[in-house]
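Engineer: Protein sequences, first through last, are from chains H and F.
Its first residue numbered 833, the first sequence is counted upward by one per residue in the numbering used here.
Its first residue numbered 4, the second sequence is counted upward by one per residue in the numbering used here.
By construction, these hints were calculated from the structure, which means they are not laboratory data.
Don't take each hint at face value.
Stated by the list, open to error - Quick partial rundown of chain F residues pointing at chain H, CB under 10 Å, derived from the structure: (1) E83; (2) E87; (3) Y88; (4) E92; (5) F97; (6) F187; (7) T190.
Predicted model only: the values in this text are computed from it and were never measured.
Don't be surprised by glycine CBs; every beta carbon is placed ideally from N, CA and C.
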Amino acid sequence: MPEKLKEQGAIPITKVQRAAKFISAGAKVGGNYMKHYAKKMVNPSMDKEELHLNNATDIYKSLSELKGSALKIAQMMSMDKNLLPRAYQDKFTMAQYSAPPLSYPLVVKTFQKYFGKTPEQMFDTFTRIAVNAASIGQVHKATQNGKELAVKIQYPGVADSVSSDLKLVRPFALRLLNMNERELDHYMGEVEEKLLEETDYILEVQRSREISEECGHIPNLKFPKYYNELSSERIITMDWIEGKHIKEWMDTNPTQKAKNKIGQALWDFYHHQVHHLKQVHADPHPGNFIVQDGDQLGIIDFGCVKVIPEDFYQGYFALIKKELLINEDELNQIFYDLEFISDKDTEIEKAYFKGVFKEMISLLGKPFHVDKFDFADNQFFEQIFQLGDRIANDKMFRKSRQARGSRHGLYVNRTYFGIYNLLNQLQAEVDTTKPDWLQ
Amino acid sequence: METASAKKTTKKDHRKAILEGYKNHVLEYGSAPKSVFKFAKDLKMKEEEFYTYFTSFDSIKSAIWVEIFDETILQAESQEIFKEYSAREKFLSFLFTWIEELKKNRSYLLSLYESKSKTSMTLPKEAAEFKDKFKDFANEIILEGKETEEIASRPIISDRYDEALWFQTWFVFRYWLDDRSPRFEKTDAAIEKSVNLAFDLMGKSALDSFLDFAKFLYQSK
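Chain H with its partners taken away, still in its complex shape (with noise of 0.2 Å):
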């Protein structure tokens, strides 16, 4: 068992009180670039890395304090990769592994609540401390009739607060990322539902065995097993998967075979996912992933499921046709499709726009033109890196009023982004599958 979560300390609690927490981490965001620009009149060499570490500390600090939805939102910050600068990332993964646990008391009192018994009464034995924290939650070990189990249990309140987090997560989101506000509403009511959906414990057990049923053909995948009875709105009890989280196991230096191993289960569980049940686990973070001896790979969590409309995925993934490059009028036809340009542009836009798109698929789709792709390759990161960085620097870019990309593209892209991170991370070269329709 991992040692004791540290107990956090005064948590804000009512919304004045998250506002405030926000407002100061404003503040000192605020007072970094001041920081910064008087360093930079001293030294001019200095470059924005020390700055942004300084914000993103900050930052971090406010956002893990506040528990539930803004923890999600860091989370997900920390997944677009490419849209944040380097020293925001490795601040925004730490909320994928911490949050301060809940008392015990208060487990024994939501058991109560579901079950009318105690956990002590339920299970042969029942770990007092956490063992993990999830980001609206937190997991508990118990055993029954000789069986182990993880148990999951949900802070309450958080979803009466998701919506109001999120206003509140707003003012950071715009600077963050570099979105002005029209833009940002446009995805905004599909995180909220997003969020809102998570905490539905029933739906999770139902989608996750719907998934782990429909993908248990893939090999070397091990899902576990939910069990309803013992399940409720905000508890959730799944057999316990033993193993290694993939930074773990990375250190115990693996083989190249094992590795591209559990990289094609992976890439496998996806592809099933996204081309033949078009709904698909959208949020393909380390901290879902479990790493078993004999190089199996345990999915965790079906909290964050995106459904894929039939219309958006047939011009989604069209993009990836490597003629398609060559093909403009095609192309065109299906920017306007997935509204990344609209009759709203003006021509110059519309010519900038095309040409920035242009540029990001043919290098975001690299790994599906070809039939293996090494995603050990860092330099295929780098050029995304900084693509996104020029792209978000981009004048051009950052003045366009016009949201860009349909609102189901939010998700998806997030889960292809995690994807590769993951298999990056891996150090794995898979048989990147296509559907029948795009070969």
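With chain H fixed as given, assemble chain F onto it according to the hints.
Structural biologist: Positioned in the frame of chain H, the structure of chain F alone reads:
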């Protein structure tokens, strides 16, 4: 009301009948009964009989508070794990259980206290006895916390910790009265967070080290 067989029953049940009868009256009419005479008559009881148990309506209200408190302690202590809890966890457990007991009487409590909840934090006089009993309980926890060094002994201030916990308990009650979240989840969150804050403040902190250091500097000057 359900007191038809009151005559045959024992002393204890009489007391209970009066408590129940009073609650029912408040629930049905939204206010206290007009007079003890009328109230006793409704319970098919002589007025002087009423006075063998209670002296006034206020003493009934007071008894209801105490009853809820006693039941809470009984429930909390019946959990085996309660003995193993730290002081912080004991207090949390108390509040969570207390809210459950209050829930059983929510309508009664709302009709008596809701209108006032927004305007004042002052204590209704009928809760005084409950407060005394609560403070005994709180002092036990504080003593235990001091023994395990969960709570820091500080001159003067630490004698007032029981007041602080009482203040917090009353805050939770007020919060719960206004809570409209499903299953009173927000109250749960409020308890968790406020108790953590309270115990962090009472625990040993950087401030103690600072005071100690300051004292040292002052004395060794």
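Engineer: For the hint on F/F187, just tell me whether its beta-carbon gets within less than 10 Å of chain H.
Structural biologist: 9 Å, holds
Engineer: Are F/T190 and chain H close enough, Cβ to Cβ, to be under 10 Å, as the hint says?
Structural biologist: 9 Å, holds
Engineer: Holds or violated: is there a CB of chain H closer than 10 Å to the CB of F/E92?
Structural biologist: At about 5 Å, which falls below the 10 Å cut-off, the nearest Cβ of chain H leaves the hint on F/E92 intact, so it holds.
Engineer: Regarding the hint that F/E83 lies at the interface with chain H, is the smallest CB-CB distance below 10 Å?
Structural biologist: 7 Å, holds
Engineer: Taking the closest Cβ pair, is F/E87 under 10 Å from chain H?
Structural biologist: Since chain H brings a Cβ to about 8 Å from F/E87, closer than 10 Å, the hint holds.
Engineer: Let me know if the C-beta of F/Y88 comes in closer than 10 Å to any C-beta of chain H, holds or violated.
Structural biologist: 7 Å, holds
Engineer: Report holds or violated for the interface hint on F/F97, using the least CB-CB distance to chain H and a cut-off of 10 Å.
Structural biologist: Result: holds, 8 Å to nearest chain H Cβ.
Of the numbered hints given earlier, the model fails none.
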